[in-house]
Amino acid sequence: MTDWIDACATDEIDEEDVIRFDHAGRTYAIYHSPDGEFFCTDGLCTHEQVHLAEGLVMDHVIECPKHNGQFDYRTGEAKRAPVCVNLATYPTRVEGGRVQIKVS
Amino acid sequence: MRNYSLIGPDAERAVAAGLAAADWYHSDIPRKEMKALMAREDGPAIRDTAVLYGAMILFAGLGTWLWPSLWSAPFWLAYGVLYGSASDSRWHECGHGTAFRTAWMNNAVYHIASFMIVRNPVTWRWSHARHHTDTIIVGRDPEIAVMRPPAALRLLSNFFGLADAWAGWRRMLLNASGRLAPEEATFIPESDRPKVVAVARVWVLIYAATIALALWTGSILPLMVIGLPRLYGAWHHVMTGLLQHGGLADNVIDHRLNSRTVYMNPISRFIYWNMNYHIEHHMFPMVPYHRLPDLHERIRGDLPVPTPSIWAGYREMLPVLMRQLRGEELFLKRALPATARPYREELHLASGQPAE
Numbered sequence: 001m002t003d004w005i006d007a008c009a010t011d012e013i014d015e016e017d018v019i020r021f022d023h024a025g026r027t028y029a030i031y032h033s034p035d036g037e038f039f040c041t042d043g044l045c046t047h048e049q050v051h052l053a054e055g056l057v058m059d060h061v062i063e064c065p066k067h068n069g070q071f072d073y074r075t076g077e078a079k080r081a082p083v084c085v086n087l088a089t090y091p092t093r094v095e096g097g098r099v100q101i102k103v104s
Numbered sequence: 105m106r107n108y109s110l111i112g113p114d115a116e117r118a119v120a121a122g123l124a125a126a127d128w129y130h131s132d133i134p135r136k137e138m139k140a141l142m143a144r145e146d147g148p149a150i151r152d153t154a155v156l157y158g159a160m161i162l163f164a165g166l167g168t169w170l171w172p173s174l175w176s177a178p179f180w181l182a183y184g185v186l187y188g189s190a191s192d193s194r195w196h197e198c199g200h201g202t203a204f205r206t207a208w209m210n211n212a213v214y215h216i217a218s219f220m221i222v223r224n225p226v227t228w229r230w231s232h233a234r235h236h237t238d239t240i241i242v243g244r245d246p247e248i249a250v251m252r253p254p255a256a257l258r259l260l261s262n263f264f265g266l267a268d269a270w271a272g273w274r275r276m277l278l279n280a281s282g283r284l285a286p287e288e289a290t291f292i293p294e295s296d297r298p299k300v301v302a303v304a305r306v307w308v309l310i311y312a313a314t315i316a317l318a319l320w321t322g323s324i325l326p327l328m329v330i331g332l333p334r335l336y337g338a339w340h341h342v343m344t345g346l347l348q349h350g351g352l353a354d355n356v357i358d359h360r361l362n363s364r365t366v367y368m369n370p371i372s373r374f375i376y377w378n379m380n381y382h383i384e385h386h387m388f389p390m391v392p393y394h395r396l397p398d399l400h401e402r403i404r405g406d407l408p409v410p411t412p413s414i415w416a417g418y419r420e421m422l423p424v425l426m427r428q429l430r431g432e433e434l435f436l437k438r439a440l441p442a443t444a445r446p447y448r449e450e451l452h453l454a455s456g457q458p459a460e
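For the record, the sequence lines run as chains A and B. Reading the first sequence from the start, the letters are residues 1 to 104 in the numbering used here. Reading the second sequence from the start, the letters are residues 105 to 460 in the numbering used here.
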């Protein structure tokens, strides 16, 4: 069963930035894109389990703070070594000024 | 006795001790400030790259024009340092992807610099990722330049590229034959191995063409431009590189203990692309080279006092290396200012005794 989970207020994330969101023993990264959309991925880099929320968002790319590997956070696609494995992504929606994510 | 092999007993010990992929110390910086420090731009690296390649063309042109007169020597020496030493820092920074904002610019300079410094761009991207995960962890870090005890002859010969460049060329020939060294297989994923071989084969073609031109013209001049400057221009990157971690702690998880920040003159900083701020770089590898001085000012209260010059760096490092050569189990430990968060001594017992 999957439910929408309240994650944060829309104004808690600057445009072209990311925050960490922990829920039910898992960690996620929630992104605010330069064009105002919100996205959600797993929170840890698939290379060495580093929190992506400490990394740098450039356009639609998140760069890992440890080894500079890059993902497209809209699709989870690994874009630059040393990351090779794609990130899991999750649906998001905005309801009443709150960002919600749908995780299984 | 330490065993630096990535497939040896110290590698297993490091994993068992929790030193592999550990949680390292970081100075506190608010997110907004960190974002500003990490921000990418193309301008500074375009400027520096234009100056670098422009100077290389100028010096090689003057050296060729004056060849074989001795008057050409100063120009070859200058060209050599840019080829054999500045390529080290360009390889490094563009490998991180932080020099330029635009990806293809990073990649282009990365591949050119990798060729000059004779480091396979695929292999060494993975090697350097491991260096950042497990900095100076014995058995895990493939880029430990100064071991314990120091391999003195190897270190000295590297001022002329005699160990590293030859190793790079031998590895190039091995890779070009379609094979990888056993240690390479520990950190290069299967998917990237064909790229290692492909790059090595392109390099072999470039060197073969250069050697053929030298034979055809009956002159070593083509090799003065391609290949030999990796030897006669290596001294600067070795001089600065040994200071990065030399004589400091190993098997610790705090970059303030195993890395050294050194104030340097502007020419060395241009050649080295600000990697003299080495604690700062390791603690925050997302920060581009041109923002490292700002990062240094921001966190210097949490770091050991910087070494004031290259000369001072060697004066503090060499006596420790000499004692390590005699078999003493010690390292140089710099004091923290009163404003800094203290070292967690209980995590760092494996490094031996502080030298002072």
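Just to be clear, a hint being listed does not mean it is correct.
Said to hold, decoys possible - Output of the computed footprint for chain B on chain A, the stretches with three or more beta carbons under 8 Å from beta carbons of chain B:
#1 35-46
#2 49-60
#3 77-83
Simulated from the structure, these hints should not be mistaken for laboratory data. Predicted model, so just to flag it, every value in this text is computed and none were measured. Here a beta-carbon is modelled for each residue, glycine too, at the ideal position from N, C-alpha and C.
Status of each hint after checking the structure:
1. 35-46: Violated, because only 0 residues of the stretch 35-46 of chain A bring their Cβ atoms closer than 8 Å to Cβ atoms of chain B.
2. 49-60: holds (count 5)
3. 77-83: With 3 residues closer than 8 Å to chain B, the stretch 77-83 of chain A meets the three-residue bar; holds.
Going through the hint list in order, the structure does not satisfy hint 1, though it satisfies all others.
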